[in-house]
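My request is simple: use the sequences and hints to build the entire structure.
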Amino acid sequence: MTPPVLSVRNLEVEFHTRRSVLHAINGISFDIAKGEVLGVVGESGAGKSVTGLAVIGLLDPPGRIAGGEIHLSGMRIDHLPPEEIRRIRGKRIGMIFQDPLTSLNPLYRIGDQIVETIRTHTNLTETAARKRAIDLLAEVGIPAPEKRIDAYPHEFSGGMRQRVVIALAICAEPELIIADEPTTALDVSVQAQIISLIKRLGRDHGTAVMLVTHDMGVIAETSDRVAVMYSGRIAEIGPVQDVVQNPLHPYAKGLMGAIPTLAGEDKRLVQIPGSMPRLSAIPQGCPFNPRCGFVFDRCRVERPEPVVRGRQAVACHLYDAAPNDVAKETAA
Amino acid sequence: MLAFTLRRAIQAIGVLIAVGIISFSMFRFAGDPVNQIVSIDTSAAEREAVRKSLGLDDPVVVQFARYFGNAAQFKFGVSYQFRQPVSNLLADRMPATLELAICATIFAMVFGILMGVYSALRRESALAKLFQAVSLIGISLPTFLIGILLIYLFSVTLGWLPSFGRGDVVRLGWWTTGLLTLSGLKALILPSITLGLFQLTLIMRLVRAEMLEVLRTDYIRFARARGLTTRAIHFGHALKNTLVPVITVAGLQFGSVIAFAIITETVFQWPGMGLLFVQAVQNVDIPIMAAYLLMVSLIFVTINLVVDLLYTIVDPRLRSTISRPA
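Going down the list, the protein sequences come from chains A and B. Just so you know, we're using numbering that gives the first Met the number 0 here: the first sequence kicks off at 0 and counts up by one. Just so you know, we're using numbering that gives the first Met the number 0 here: the second sequence kicks off at 0 and counts up by one.
Hints in this document: simulated from the structure, not taken from any laboratory. Some hints could be false.
Pairwise CB distance ranges, derived in the manner of DEER restraints [as the list claims (entries may be wrong)]:
id: 1; chain 1: B; residue 1: L5; chain 2: A; residue 2: R277; range: 54 to 60 Å
id: 2; chain 1: A; residue 1: R86; chain 2: B; residue 2: K128; range: 47 to 53 Å
id: 3; chain 1: A; residue 1: R17; chain 2: B; residue 2: L5; range: 53 to 59 Å
The calculated EDC-like cross-link candidates involving lysine to aspartate or glutamate, where the alpha carbons are at most 20 Å apart (straight line), are [as the list claims (entries may be wrong)]:
id: 4; chain 1: A; residue 1: K252; chain 2: A; residue 2: D223
id: 5; chain 1: A; residue 1: K198; chain 2: A; residue 2: D134
id: 6; chain 1: A; residue 1: K90; chain 2: A; residue 2: D203
id: 7; chain 1: B; residue 1: K239; chain 2: A; residue 2: D111
id: 8; chain 1: A; residue 1: K146; chain 2: A; residue 2: E125
id: 9; chain 1: B; residue 1: K239; chain 2: A; residue 2: D149
We put the CB at the ideal spot given by N, CA and C, even for glycine.
Dropping the structure here:
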């Protein structure tokens, strides 16, 4: 069996501050297979982006990987020296950031930026790289790429710039694309285009995609599987239909209940009371326990480990012991 | 682009006319020019004749137009103390000042940018901290004191470099240069450092601050995510983005380098325009003072124009806003 494109095992990320050590990521594990799109959702500060940055080796000090392993197609990459991880970035892992307006260097033509990236990772000549840049721009849907290649970033709209950013991310045919909120800064109509573009590219090239977002609609449309993050842990992970239609973790239930639907217009959206704890004050036991409607004593003491339930895995004590009782209780 | 250049040029001429009015009024400010020319026992009729021959009985506007017209052709009248055309005196002195100012600016830019980039990239290193500390001294010590300290150290104590003058100069047409002789080059070192030190510290601190700012931007993070080499990121992407403000400051500072040259030239007895100006002030030699004012403002205005045009070369965003006039 071929190893998954991305395999993360018990990853821990810490931020050392003057006062204390903050645990941004607290032992998470997940895999992404070839051609698979894994959606990562959660509130701001749940550790979604930090996970992406840890995988690509771009955690800025004082952040650092404190434990666990990251494997890219079977090769361990979390402890590589800076120069070697740099060679992987952009070549084997492409990254797309949130704001296309600020992701491109304003002083260079987009063609120069693409050619520069291609030539960093391949042996192509200037001319060949330029030709490839034009092909890439065409592939991400930039009209008249042979003309637009000599334009500066400020001459593009936000959606077009995000397409250029995507072209830059895929220019060396990476195995994995990490898209960190790629549509958050865009208009709704443009969002749909960018989402379908990422989906299409993933499918055409067999690229694994890690899609970080807090938009459940985007996840439902694009992802094969989804990981729900809370306070630096994965609360629940599983196929997207299962998690959306039958969420197990109380937090995932709350999250799905908060999605507006056209059918249920007369119902008020369900809120999850309270807010996510700050990194400096994560409660003992399950981090969700102060906000959870099903909380019991064990949740306040012991940290829940992921339990497999069908195709889903959920980190909640409700599912540890007696699955039948739980099903009754949560259905109520 | 052409329209922009023309518009800026017209603004520049406006500024020069304004400075012209100020320098013209200096003549009248210092009393009746006829009295400074004739002796005490000249009769009233002869005074009138002199006044008429100099055109001083014309309306003020006509006199100003004549003065400015002459100034535009670099005719600034005759110096009271040297009895020579001011334009000749300035032409003699200008190469010295310009060479000094250019050397000081190059010194400041090269070392300022290098030290600034270094202290931004190696923020925690001992050398970067030393640069920061020394730059405070550079900013706070007055120019003349730095000059005197340098003379004391390198001329008096060590005896390596001359303490005054330009050394031997070579004449190339009307331009005299000290750059082609060893003694001329040696004489240039101390005044250039003295004059450039303030600019150097300013540029260094500016480059450091800008560079730190740019390194935090999204496009630098994205450049890292693209796997570009550290070298390409720091010197290709980050440095170019720090240059726009650096060009502004360095350009504007070149003007004040020429203005500050008065002090440095006095300390080092450097035979430039600044020294000429100081002597003119001491002797109330109005034509020289007025001409110096006009020349310095001409240089300032020219530099501003060049800086504006340089921006558009560095930053493509400005190019498109300029070609689309509002």
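Each hint tested on the structure:
With their beta carbons about 59 Å apart, B:L5 and A:R277 fall inside the hinted range of 54 to 60 Å. For A:R86 and B:K128, the Cβ-Cβ distance of about 33 Å falls outside the hinted range of 47 to 53 Å, so the restraint is violated. Distance hint check for A:R17 and B:L5: the Cβ-Cβ separation is about 57 Å, which falls inside the suggested range of 53 to 59 Å. Using a Cα cut-off of 20 Å, the hinted pair A:K252 and A:D223 holds, with the two alpha carbons roughly 19 Å apart.
Restraint check for A:K198 and A:D134: satisfied, since their Cα atoms lie roughly 18 Å apart, inside the 20 Å limit. For the given pair, A:K90 sits about 17 Å from A:D203 by alpha-carbon distance, which is consistent with the 20 Å threshold. As the CA atoms of B:K239 and A:D111 are separated by approximately 14 Å, the hinted pair is consistent with the 20 Å bound. The hinted pair formed by A:K146 and A:E125 meets the criterion: a straight-line CA distance of about 17 Å does not exceed 20 Å.
About 19 Å separates the Cα atoms of B:K239 and A:D149, which keeps this hinted pair within 20 Å; it holds.
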